[in-house]
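**Q** Residue-level listing of the chains:
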Amino acid sequence: MAVLTSGSPLRYEIGDAVADFKLKNVDGKMVALSDYTAAKGAIIIFDCNTCPYSRAYNDRIISLNKKYSEKGFPVIAINPNDPQMSPGDSYEENVSRAKEKKYDFPYLMDESQVVARSFGATNTPHVFVLQKNGSDFKVAYIGTIDNNSRDASSASKKYVEDAVDALIAGQPVSTKTTKAIGCGIKWKNS
Amino acid sequence: MTFCFLSAATAQKAIVVKFDALQKILETKSDQIQVINFWATWCAPCVKELPLLEKLNAQKDLNTKITLINLDYADKLDKVNEFMARKNIQSVVLLLDDIDYNSWIDKVDKSWGGAIPATLIINPRTGKRKFVEKELKEGELENLIAELK
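Protein chains in written order, with this note's numbering: chain Y, 2 to 191; chain G, 122 to 270.
Treat the hints as calculated values from the structure; they're not laboratory data. From the three backbone atoms N, C-alpha and C, an ideal C-beta is built for every residue, glycine too. Errors might be hidden in some of the hints.
[Claimed, not checked] No farther apart than 25 Å at their CA atoms in a straight line, the calculated lysine-lysine pairs in the PhoX-like style are these:
(1) G/231 to Y/158
(2) Y/158 to G/228
(3) Y/189 to G/169
(4) G/255 to Y/189
(5) G/228 to Y/189
(6) G/197 to Y/158
(7) Y/159 to G/231
[As the list claims (entries may be wrong)] The following residues of chain Y were derived to be distant from chain G, with all beta-carbon distances above 12 Å:
(8) 16
(9) 67
(10) 86
(11) 97
(12) 99
(13) 102
(14) 136
(15) 147
(16) 149
(17) 180
(18) 187
Kindly produce the complete structure, drawing on both the sequences and the hints.
**A** Following this line, the structure appears as structure tokens:
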């Protein structure tokens, strides 16, 4: 396992096809990316229960799924934090967060952190918009949800919505990567 | 007078700035090594490493300038100042009120993913720099500074 964590990690870049993953959802069932046979893509969001930015974006994440799941781009949220390092990010806490906020999308536990590592996720929330191409899901956008974490109504650039709208319209995504201040993922002690 | 000598130095108060203030520090021609630390009161590993920066700030003979860039939201200024008073922070603290993070993160360091804590050390004379996107360990700052001298 040490090999995975040392040096500069391999991470997905725009255009890369992502490897399938299968993780435990808050209802106890396993969810795989390859389960989404009818989707046109997916909005993968590495997220958690404890980060102030995750809390600030929580309602916006719920809205993204409401707006885009029926258009073929469902949200799949993944909590990559190690519960040893961040007790508020245990499986039980995920279950109660999903219940409290009435998540209508999966909230998966990346217990081994292998999925977060392979995506190259660093922060929460950290978004990867995927577009389906044949049976492959390819990375079309990496970054933050919009340009105002504090106030959704003041955001002048809605990066994720713009990216998904472009993909739905068959247009190129204009802003493919962005960065944002965020809580670093709480990695297991290596 | 006695009172002055006995009382501890008062803590700094945070100054609210935009990115141009940070840009000036990044481009300074000063002889001092610049240590720029990005933190927030809600970030536990950031709070944990602050004493290491404060210790460095107290060593005036090192010719090193510490700037703590606070990333709490600007409407939390009172909370930040209360925190600084409680911890008796002596380093300069700038609250960076520039919410369009994507517009400036790469200007600090292209390799920065945006997670905090993060620390940038610059030797303005040589232009050499070191960037660390994780919690600092005891002695690590001193080693990084020595490597830049």
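**Q** Confirm or reject each hint.
**A** Comparing the hints with the structure gives:
no. : hint           : verdict
1   : G/231 to Y/158 : 21 Å, holds
2   : Y/158 to G/228 : 19 Å, holds
3   : Y/189 to G/169 : 18 Å, holds
4   : G/255 to Y/189 : 14 Å, holds
5   : G/228 to Y/189 : 30 Å, violated
6   : G/197 to Y/158 : 24 Å, holds
7   : Y/159 to G/231 : 22 Å, holds
8   : 16             : 19 Å, holds
9   : 67             : 25 Å, holds
10  : 86             : 10 Å, violated
11  : 97             : 21 Å, holds
12  : 99             : 23 Å, holds
13  : 102            : 20 Å, holds
14  : 136            : 30 Å, holds
15  : 147            : 10 Å, violated
16  : 149            : 5 Å, violated
17  : 180            : 4 Å, violated
18  : 187            : 9 Å, violated
Consistency with the previously given hints fails for numbers 5, 10, 15, 16, 17 and 18, ordered from lowest to highest.
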